[in-house]
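Q: Listed here are the chains, written in short residue letters.
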Amino acid sequence: MKRYILKRLFLLVPTLIGITLITYMIVRFTPGDYTSLRLDMQMGLKTTAASKEILDQERRLYGLDKPWYIGYMDWLGKFCTLDFGTSRKDGRPVSERIGDALPITLALNLITMLIVYVISIPLGIAASVKKDSLFDRVSSLALFILYSLPTFWIALLLLMFLSSGEYLNLFPLGGITSDTMTGAGFFPLAGDAAWHLVLPVITLTYGSFAFLSRYTRANMLEVINQQYITTARSKGLSEPRVIMVHAFRNSLIPLITLMATLLPGLLGGSVIVESIFSIPGMGMLAFEAILARDIPVIMAIEAISALLTLGGILIADLSYALVDPRIRLETKI
Amino acid sequence: MSILTAFFCACTGGVSSRGADELYAYLSAEPDTLNPVISSDAYSAEINSHIYETLLDMDLDTLGRKPDLAERWEISPDHRRYRFFLKKGVLWSDGVEFTADDVVYSFKVIKDPKTANAHRKVNYLDITEVRKIDRYTVDFIYSKEYYLGLEICGGMTIIPRHLFNDGADINTHRNNRLPLGTGPYRFTEWVTGSRIVLERNERYRDRKPAIRKIVYRIVAEPSVAFLMLKKGELDFMSVRPIQWVRQTGSGKFLRSFNKFQYFTPNYSYIAWNSRRPVFSDARVRRAMSRLINLEAILEKLLFGLGKRVNGTFYFYSKYYNSDISPIEYDPAGAMALLKQAGWADTDGDGFLDRNGRKFSFTFTISSGSKFAERLGTIMKEDFRKAGIDMEINRYEWAVFVQKLNSRDFDAVTLSWSLGYNEDPYDLWHSSQMEAGFNFVGFRDAEADSIMERGRREFDEARRTALFRRLDRIIYREQPYTFMFCSPALVVVSKRFGNVVVHRAGLDTDEWTIAGDR
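The listed protein sequences derive, respectively, from chains A and B.
Mapped onto our numbering, the consecutive letters of the first sequence carry residue numbers 1 to 333.
Mapped onto our numbering, the consecutive letters of the second sequence carry residue numbers 334 to 850.
Keep in mind that the hints were calculated from the coordinates and are not lab data.
For clarity, every value in this text was computed on a predicted model and none was experimentally measured.
Here are the simulated lysine-lysine pairs, DSS-like style, with alpha carbons at most 25 Å apart: (1) B:447 - A:78; (2) B:736 - A:66; (3) B:827 - B:546; (4) B:633 - B:703; (5) B:585 - B:564; (6) B:651 - B:640; (7) B:691 - B:736; (8) A:66 - B:444; (9) B:592 - B:640; (10) B:447 - B:465; (11) A:66 - B:447; (12) B:592 - B:546.
Just chain B, same shape as in the assembly (with noise of 0.2 Å):
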């Protein structure tokens, strides 16, 4: 066995014939296209962050928008114009010139009822028009004032209007796998299941990255995945807690990687449904939450690799009611809450009870998250020693959603992957109980009124007071138990030089090979 895997060895040259300037990161699954205008998931997304551009681009520390492709904006005092005048001179890959009918082509394709992007075309709503002023200024005209609206038009995603306007159906355009973009990079090569590659676009008109090739290896068990790093097929991943905790940090991992943690707008949640008697009340919802250990959670599940959190928004963004203090576990406090809300064991079985009815809920999860299903065991024993009795349902994630959406359900555990600005207004407004993302019923007039408001609040520092003040009137409602914001855990190759942590993440563009440093 061991001569013939000699003689494989030595006819394929192993991985040591790849350049020094050549990243190799990870994808835990395959794309489903690179057409911008139609992908839906973060695999793609992360790939055309290299090819293509938008107007506006966000800049990773302040958190705030600076030009891209256009060079600057200008917004009409009634904030339904937005103006852009795009850079001249900028080519796609292939060395045609970007213009303003590029634009205009995109926004017709995304709103074309012919191209398959629901989730992307519910953002352009409000936008009814974007028309070409000369071939280098564009104007976006909203039907109604938005305080997102320049972020959404300066992030609308655009592709060129030269390779995609001939006629052939967008949806099953060969230029889907055949990505051509304005940015640093170039797409060369997607091999099915096994690997995507970009080279620089030696035609970009910035400064261009040391880094020449981007491989992107497509590898579905993320264990091999780790096995790979470790072997350096990979210099570039994010790694799971429990690999960041006990599988990184023997001295001869740390000599070829460094270690890198940041915190993206992300926040788990335990929901509860106020549709049902058990948790229309809030003093109910509030006891639940005293009831669950969060510090022991935190610890026991994710290693202490998390960020407590109490509100609806990004933890570092000016939103961030920080004067609020977390809940802590407190059951005696949450057995007082429940009194006083009539529950109590009346019958002596060792359950709460209320009007004869006794307190029992379910708790429904996806069938494919280990968290909830080692939380749901955790809040099952403590619930029970307050009186409470909890059953666990899974569904497979289809189901699961479908169990959402019809609002069958008394309490789950999900988490939010939302945007450094966020509009609380899908999750939150009444208007979006019966069919929107409020699927726990949350209803208060006050936090209503806040939420138009804030939508068409210009003002930076008044918009800011809004948003504070409803994410006071959400800690006090409860609606969801509030947990942690989980970091991202990213571990690169030494091989690689001024590795910056920005508030939202790396950008592989400013690295260097280290050995040019």
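Next up, chain A with everything else stripped away, as it sits in the complex (with noise of 0.2 Å):
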């Protein structure tokens, strides 16, 4: 085991210098850089040969007349020392910027996710038990009715309806805080978040019901349908112990694999629901970043997730060795 763990580990250096150098060159290899999107957008290039050197003069304090390999090197250099470099945007220091938006992204994903699973679960196990019973064709019905509205719309609709005074005044139009909570205990502060937080966590959560749910319920319906299941209930045991301990634990293995995508998925925001309800996190971070060429900002976040993703799939194959102990690591590699 442990020198399983240790080969994946040192497998994983070169899948992260592949992703990130095929995220380098991406990047750099796409039309437009920082500087002449600026320009172009300002309307101040005044092209004559001299503000050609000033343009050049401009790209080599960003190291971007080096060739692409050279760039990757000195970005890969820094970054083994945790050095991000600054972002072209503001001049800050990315892991500063990162680290304003990581905490809002995280809080709101947690909730999200925590919601999620809560909700889709018992659900999908209750579909499998009675499946095919009213309740599991119109839970289904319901959940993907959820699933196809556009987040977009139901967003504006939510703060339309139930923020904009018109109709309702519950919640507030957007942010995070209000202006007035600055230098207020931890409990107004707290709550004061929570208020904010109410309608973008519906919005996130309100899709992603349908499909853990009906991930749980095939998985529950393949293991019902095992030999063990008929034993355990021939052995005289209570329904909901058949259920809960037979059935559902073996049905997690492949919920496992969704694990995988747990960690990664923590990081990333969406720009819609972001934009929206103004909340500066990850998703805007990184689509501005990309609109603007801000590479290392593009970067940093890219290496992260990166390295979450793996590192995802590395606990992932991990706990599936756990859970069942007929999956041999060893001989896997």
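Mind docking these for me? Both chains are given alone in their own frames, and the hints should help you get the complex.
A: Structure below.
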């Protein structure tokens, strides 16, 4: 087991280098760079020989005059010392910008995932136990309707009806805290933050129930038809015990695969939700960085999420072995 | 749920706690930095305009120059030296006096190769030196004469030397997020992604504004910002044409808000790449302009909110040649022009052709622009009727710009947002064809000489005659189909009084709190 983990950790390095290298190449070879984009948008480019020189000067300042592989090596070297560089947009360290956005996104995603899991898994179990019943059909129909409602539309409707004051005035029109809250105590602050999070969380969750509950249901159905479930029933175990202990625990194995996506999923933000609710999270940060070709920010976010994805996959693989002793890790490589 | 929210509301107090002399304004995106030497976006320009000042200011009505940090100026007879006499006793908002050293330092920073401000440097290429004469006098030295010299020197951004000159990298300097100026407001707070707060600068030398505090709320989604406006969480925002027409007309809305409209120098256009064989003939370009029903487009897409323009100069400036009448929608006339240029449907396939080649071109648009998308659809249909085949290609903005810069397009639509006194040279001189903004490849010997002379012509009347002639030539050649100058559409809460619409827009410094009236 220890050897396996070491091997996997060792393999992580080339994979990570591969991912970041490809990302870097894509960003560098995409048309436009920060400096020229800014110039073109500002209409300030009076292109004479002299201003070409100015342009090159600024490119040199950010190492964009060097070939891509040197640029990548520079980036990699700094990344290894955990130096993400400074953002082109505002000159702040990238780590500081991520540090601003990450807690917000993390909080939002944790709450969202918690709600999605707590609601979807029991729903899925219930639907599988009463397969093809009215409940199964109605719940699956309802969840798929929710699933197919576009986020931006629902978000705007929620704001219009619940926050605008024209119908109801229950929630704020976006943001993460009230302007008046600076210097307030912990509980008022937490209450204020929770109040601001209600609508974004609703928007983020409603569409996710369908997938997870259907997934749970499918896995449960597979397990419920196994012979050992029949055995358990014939042993005279109570139905809840059969379902929860014998069936559900075994149906958890495929759910572990989902765990691999959990970690990087925590980091990612929805551009739509963040822009509608004025939340300065990771989604907007990444989106704006890509549009502006802010290479240090793009690379940092990309590298972190690659790392988390790889970590997630590793954890999932290890958990398989823990949950199911039949899986022999050593033979897998 | 309602009990829960009641609890939340109780502990936040809502928005009622804000003062009457606070202005809540809207920013649709966060500024990059608040260092005016480096910043490039409109958001930081808006905020910095309250904090930083320049030697001269633009008079909002006459659009001429008036003293700001300088009390007067002298221009040498050869127009190479601009001498500014600074006001004495002007204080930065931390109490340090503003002097000639700040001006000299700011110029040095702007020109420094280590400063990432290429977009700003280009304006100062021809200024070789800024020299301190004494504590309150500075000279700007130009290497050649230029009619906008005074405007450029007088408009140079000035940052406090005593804060920035500490050896730290200017691009990442801590004061880039903590601006400090001589203007009527001082910076108090920047909450990333949420708001930027300014408070009145009590050290300001001039009449202090009535509004004590300005809060800029950063809201990415305009429709949400509009909900905030109606709820009273914003006092001041510019709205889109559809909101102006459809959503700001109710009695309830008009009881709380005033609506204002004014025109800044901007215009939209369709540019024809004259390097392409199909558009190399001016007759074809003139025909294209006649095939586009601009009146209908203005009504349909912009709700009639816009002014038809026919030239490159600002509609309200003296350079704009108002003797030219706009080209009317005239398909028959267009067909005649196309026939003269050799285009006819000889093979009966419904499309025009010339020397066996079909009249077909690509209209390149930026994928973010809804206006371009809808305009393209209308054009495609109208051109099809005239036997011209048009395809629409969409690109992300950065790629779109790349296509423009490499001159790899047939036709595009864009709009220029220009200065009140814009030098036409960058847009239209043939020297700008290869790499500059003359991406349509406009070339005309007379126009070139007019622009060269205009740059050295300091006599207002003579320059006006020159530029009006230039407008005439551009009109004749139709490198663009000129479309509309779009108005700024602004909504201001009735809590504020004395909201005056100047030629160049609004000035919150002169507003009063309605209760004071």
